[in-house]
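Produce the complete structure using the sequences and hints provided.
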Amino acid sequence: MEIGDDAWRQRTARRAASALPEVWNLLDEISDPEIPVVSLWDLGILQDVRKEGDTLVVTITPTYCGCPAMTEIEQDIERKLRQAGHEPLRIETRLSPPWSTDMMSPEARQALEGYGIAPPCSACTAGGGQPACPNCGSNETRPVSEFGSTACKALWQCDACQEPFDYFKPI
Amino acid sequence: MKDTERKQATLEYAQRLGDDAVVLGHRLSEWCSNAPFLEEDLALANTALDFIGRARMYYSYAAELADDGRDEDDFAYLRDQREYRNLLLLELPRGDFAYSMARQFLADVYNLLFLERLMQSSDERLAAIAAKAIKESRYHLRRSRDWMLRLGDGTEESHARLQRAVDDLWGFTHELFEIDALEQALVEQGVAVDTPALRDAWLEQVEQTLAEATLERPADDWAVKGGREGYHTEHLGHLLTEMQALHRAHPGCEW
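Heads up: the protein sequence lines correspond to chains A and B, in order.
What the first sequence shows, in the numbering used here, is residues 1 to 171, in sequence order.
What the second sequence shows, in the numbering used here, is residues 1001 to 1255, in sequence order.
You may find that some hints are simply not true.
From chain B, some residues computed to sit far from chain A (all C-beta separations above 10 Å) [claimed, not checked]:
{"hint": "1", "residue": "E1005"}
{"hint": "2", "residue": "K1007"}
{"hint": "3", "residue": "Q1008"}
{"hint": "4", "residue": "L1011"}
{"hint": "5", "residue": "Q1081"}
{"hint": "6", "residue": "R1150"}
{"hint": "7", "residue": "D1167"}
{"hint": "8", "residue": "R1199"}
{"hint": "9", "residue": "T1209"}
{"hint": "10", "residue": "G1230"}
{"hint": "11", "residue": "A1245"}
{"hint": "12", "residue": "P1251"}
{"hint": "13", "residue": "C1253"}
Going by beta-carbon spacing under 8 Å, a handful of chain B positions derived as facing chain A [as the list claims (entries may be wrong)]:
{"hint": "14", "residue": "A1043"}
{"hint": "15", "residue": "A1128"}
{"hint": "16", "residue": "I1129"}
{"hint": "17", "residue": "R1142"}
{"hint": "18", "residue": "R1143"}
The set of hints was computed from the structure by calculation and includes no laboratory data.
Glycine included, C-beta positions come from ideal geometry on N, C-alpha and C.
So, in structure tokens, the structure goes:
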């Protein structure tokens, strides 16, 4: 948790201090291939943008070890930046600090909920509560399966409106 | 230990950990479209992905250390069974659902203990992979432990099947806590995990869950080992044949 909080602060600070705000802004236009309402920045995948000599270096981190979207994400970044004339260009994958749902922006949580995915609820992992249903807002929800349609989500159901929903797992 | 020796040993170690991950990941992936119901199908496939992702990280590191033009695919697809150094427990056929869950539980408890130590490794790359993977392993264990309780303390049939699975797997768990000269040397460098030291904690957790699931803890009266030396059960060859067929038919193909 603390690592995540630190990582979020560090990431926000890196962006604020960056001499390349136009690149960050450009990358805001790229969303996660599997959750199109959330940008790479909001999800915490985009970690850093910097220059090494003439080369623009973009650092990203995978959400899960086996996330099959990473290749597509790299290609999306490359396409976007090349179209805008940013060359030479290198994309680096960094594992440390490990991605955590605490790296998500507040905007990402809202967007997930609007999209029908319950945002991660750290208190819920300790067995202390249930995520609220993203459809009707009820807290009378129960887990159906620890895994949902992608590695980052679990499958839950709402007992109030009966709708099944994806829940973004806090890790 | 000279730098070159340490590098060579770390390469071998990363490759072993990659072998463990890819073999278990493949066994889990065999459930895709074969699981008892849809939610479990998704869960098994997602868990498989986690392990295959882990294998890619270990193999990519091994490839960088080797620095001989090989990449992660060469490690996974172009080595034969005698070159594979995975733990035997992980290569056993998937069996029925109870068997796969029992294996997963025994491996998940081990993985958590192992990764906790590997996070402290003096090798930064291995420590980073461990810090990433442990988050997923916590989740895996939650699920596999839950299934142990549900099946063990479930119907007569599910109890009998799970007990049989635990009995059949038990003799393969001793190998998890063996250590050879290569790993011992790396332990002394702070790189590798001292696996014999994990056994007490592993046993305590496993025995507790077995008791809660109303299962008998099998006796320690037989043990099979050899995976770390490249001596495998007859099952690994079949697994590799299937896993490597496409790559060997289209050498160098990437997708």
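Okay, the hints, checked on the actual structure:
{"no.": "1", "hint": "E1005", "in the structure": "holds (26 Å)"}
{"no.": "2", "hint": "K1007", "in the structure": "holds (20 Å)"}
{"no.": "3", "hint": "Q1008", "in the structure": "holds (23 Å)"}
{"no.": "4", "hint": "L1011", "in the structure": "holds (18 Å)"}
{"no.": "5", "hint": "Q1081", "in the structure": "holds (24 Å)"}
{"no.": "6", "hint": "R1150", "in the structure": "holds (12 Å)"}
{"no.": "7", "hint": "D1167", "in the structure": "holds (26 Å)"}
{"no.": "8", "hint": "R1199", "in the structure": "holds (26 Å)"}
{"no.": "9", "hint": "T1209", "in the structure": "holds (16 Å)"}
{"no.": "10", "hint": "G1230", "in the structure": "holds (26 Å)"}
{"no.": "11", "hint": "A1245", "in the structure": "holds (21 Å)"}
{"no.": "12", "hint": "P1251", "in the structure": "holds (21 Å)"}
{"no.": "13", "hint": "C1253", "in the structure": "holds (15 Å)"}
{"no.": "14", "hint": "A1043", "in the structure": "holds (4 Å)"}
{"no.": "15", "hint": "A1128", "in the structure": "holds (4 Å)"}
{"no.": "16", "hint": "I1129", "in the structure": "holds (6 Å)"}
{"no.": "17", "hint": "R1142", "in the structure": "holds (7 Å)"}
{"no.": "18", "hint": "R1143", "in the structure": "holds (4 Å)"}
Going through the hint list in order, the structure satisfies each hint without exception.
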